[in-house]
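Just so you know, the protein sequences line up as chains A and B, in that order. Using my numbering, read the first sequence as starting at 1 and increasing by one per residue. Using my numbering, read the second sequence as starting at 1 and increasing by one per residue.
Don't take every hint at face value.
Since the list gives no way to pick out one identical chain from another, each pair is judged satisfied if it fits inside one copy or across any two copies.
[As the list claims (entries may be wrong)] In silico DSS-like links for lysine-lysine, alpha-carbon gap of 27 angstroms or less:
| id | residue 1 | residue 2 |
| --- | --- | --- |
| 1 | Lys60 | Lys103 |
| 2 | Lys46 | Lys60 |
| 3 | Lys103 | Lys46 |
| 4 | Lys227 | Lys195 |
| 5 | Lys9 | Lys38 |
| 6 | Lys9 | Lys185 |
| 7 | Lys287 | Lys298 |
| 8 | Lys46 | Lys155 |
Calculated directly from the structure, the hints in this document are not laboratory data.
2 protein chains.
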Amino acid sequence: MPTIKDVAKYANVSVATVSRVLNKKGYVSKEAEENVLKAIADLNYKPNSVARSLYHKTSKMIGLLIPDISNPFFPELARAVEDVALTYGYTVVICNTDEDIRKEAQYLEALQQKYIDGLILTTNQLSADNYENLGIPLVALDRQFSNRVPTVSSKNYEGARQATEYLIENGSEFIAHIRGPYHVKPADDRYQGFKDVVEEQGIAHIVVDCDFTMASAMEVTEGLFEKYSTIDAVFASSDIIAAGVLKVAKNINKRIPEDLQIIGFDGIPLGEMLTPALTTVAQPIYKMGALSARLLIKQIEKEPLDLINYEVKTTIQYRETTRSDT
Amino acid sequence: MPTIKDVAKYANVSVATVSRVLNKKGYVSKEAEENVLKAIADLNYKPNSVARSLYHKTSKMIGLLIPDISNPFFPELARAVEDVALTYGYTVVICNTDEDIRKEAQYLEALQQKYIDGLILTTNQLSADNYENLGIPLVALDRQFSNRVPTVSSKNYEGARQATEYLIENGSEFIAHIRGPYHVKPADDRYQGFKDVVEEQGIAHIVVDCDFTMASAMEVTEGLFEKYSTIDAVFASSDIIAAGVLKVAKNINKRIPEDLQIIGFDGIPLGEMLTPALTTVAQPIYKMGALSARLLIKQIEKEPLDLINYEVKTTIQYRETTRSDT
Numbered sequence: 001m002p003t004i005k006d007v008a009k010y011a012n013v014s015v016a017t018v019s020r021v022l023n024k025k026g027y028v029s030k031e032a033e034e035n036v037l038k039a040i041a042d043l044n045y046k047p048n049s050v051a052r053s054l055y056h057k058t059s060k061m062i063g064l065l066i067p068d069i070s071n072p073f074f075p076e077l078a079r080a081v082e083d084v085a086l087t088y089g090y091t092v093v094i095c096n097t098d099e100d101i102r103k104e105a106q107y108l109e110a111l112q113q114k115y116i117d118g119l120i121l122t123t124n125q126l127s128a129d130n131y132e133n134l135g136i137p138l139v140a141l142d143r144q145f146s147n148r149v150p151t152v153s154s155k156n157y158e159g160a161r162q163a164t165e166y167l168i169e170n171g172s173e174f175i176a177h178i179r180g181p182y183h184v185k186p187a188d189d190r191y192q193g194f195k196d197v198v199e200e201q202g203i204a205h206i207v208v209d210c211d212f213t214m215a216s217a218m219e220v221t222e223g224l225f226e227k228y229s230t231i232d233a234v235f236a237s238s239d240i241i242a243a244g245v246l247k248v249a250k251n252i253n254k255r256i257p258e259d260l261q262i263i264g265f266d267g268i269p270l271g272e273m274l275t276p277a278l279t280t281v282a283q284p285i286y287k288m289g290a291l292s293a294r295l296l297i298k299q300i301e302k303e304p305l306d307l308i309n310y311e312v313k314t315t316i317q318y319r320e321t322t323r324s325d326t
Numbered sequence: 001m002p003t004i005k006d007v008a009k010y011a012n013v014s015v016a017t018v019s020r021v022l023n024k025k026g027y028v029s030k031e032a033e034e035n036v037l038k039a040i041a042d043l044n045y046k047p048n049s050v051a052r053s054l055y056h057k058t059s060k061m062i063g064l065l066i067p068d069i070s071n072p073f074f075p076e077l078a079r080a081v082e083d084v085a086l087t088y089g090y091t092v093v094i095c096n097t098d099e100d101i102r103k104e105a106q107y108l109e110a111l112q113q114k115y116i117d118g119l120i121l122t123t124n125q126l127s128a129d130n131y132e133n134l135g136i137p138l139v140a141l142d143r144q145f146s147n148r149v150p151t152v153s154s155k156n157y158e159g160a161r162q163a164t165e166y167l168i169e170n171g172s173e174f175i176a177h178i179r180g181p182y183h184v185k186p187a188d189d190r191y192q193g194f195k196d197v198v199e200e201q202g203i204a205h206i207v208v209d210c211d212f213t214m215a216s217a218m219e220v221t222e223g224l225f226e227k228y229s230t231i232d233a234v235f236a237s238s239d240i241i242a243a244g245v246l247k248v249a250k251n252i253n254k255r256i257p258e259d260l261q262i263i264g265f266d267g268i269p270l271g272e273m274l275t276p277a278l279t280t281v282a283q284p285i286y287k288m289g290a291l292s293a294r295l296l297i298k299q300i301e302k303e304p305l306d307l308i309n310y311e312v313k314t315t316i317q318y319r320e321t322t323r324s325d326t
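Make the full structure from the sequences, and use the hints.
Take a look at the structure:
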């Protein structure tokens, strides 16, 4: 592999001049610059990226922290982040924290030591300080933990309202909401949207807690149906939860959507694979990932941001777990 | 943050001595070494990992190339690789290539420039040379592309035989196999296992081509059932394909498993979420990921390998898409 010395010799300039061209710092005559660029092209010289990292404290790498790689929502996001990042020449390091505070801390330290250029956070196990102290650009995706950090999220509150209104329009009179974890903002907002609609319209309801795993969803749903056999609709805080509800409902022979309507949230491909296919509040997952990547790279490259907080619209995907009319 | 100079001063030795201790190279007196280690501990000194990468050409990072992050099989593998790698102090860079040869090449270049310590490959779009020319330890996971590269895979051939025999035992007389892409070794081996059993036993069969996506699986299955309405079992080369088959079969009101038995391959959690729950040839996914990470790290740390090729056993998970007896 050619070295910087080879480039200097070929271009007939000093190593310092090549370095100035590479780093776009200091004066270089137009002629010398052209010679250097030609030498780089002719020799197929590749600057050592680790050495460059050390000098520039930059790595052309961005990190993406995700809480649960086995929830298909996050791989979908990751793909979009990657696609956009690669377009701008950045490599994405996907870090799966499993919502484990130690794993997350270990990743943050490793990433910082490698001069990661920026970080997209879809997890917030640590306090806001831990992230901000990294001193690198951040984007909070589907999360919110500080006013100073740009965010990309869905209109979770509005989406939840729509879902709940739709269940009521289709004749449901006793609706359960299976909510996601507390202090996870999307889960809180979806809960609030649900709560506001059922209270405004005076509809019987119950809210139960769950995390975003199918196993918990099934356990919670079993208890729920045992206690309240007349529940006629469930609004689930995620598609994975909804898949658990659907499974339990079918095990106990509820007819869907005749006896029980179910609506999820997220819009992951799984929803279509289920039978009956899941009606859901779909987030524009790809768009969210792509926006976050763009927002992060703009910060890294010190371009101005048009907006700090992006809220994207959700749309109901009408499938088979809801009735189309009453 | 303390620097190497601070450590030297505190330990009352030269910077060169601290460096020798850090890099475990050259002579250092026992006393000096102890002083340095104490200084590092007292000052909470953290060697700059980028500088160390440059010196050692090592980064304590390993790469994991996966072909399709939205197929749940790969996130499951990734989690296991990560768990083991973190135990040994390595960070895992997950790179999703989308089976795109250019994306894969771009990742390889980026990873090499960062002195990645080793690479686990679950993709083989590029030729074997491209990987071996990287000059770093490799492990082929669920793939095989060169005799010189250690591999971890399932006994795909045997698993496919078992699946096919099970369908026949349960009374199926006209079995379709929906195979995965050519030249992907697991897909080839599963095909061969199927083929050998149906030919040995003289069972009517048909093989159709597919990639590992649900959309293709649905398209292929629709054509298949239209042409051959008497097919009474499908052995699918992956669970995602099986999910597509199940969906189509239910759309055209086939009774499962009475009219049609379906068996998948992989053992991803999706299988359980489906209704009826999918019978499948389960690979020990976590074990495969963990083994690969261990095998890679042993190579990186120049430990001897007990074995070059690990083949792990599959087990049939009996669920609801097959008949338990004829």
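message: Tell me the numbers of any earlier hints that the structure contravenes, in ascending order.
response: 6, 8
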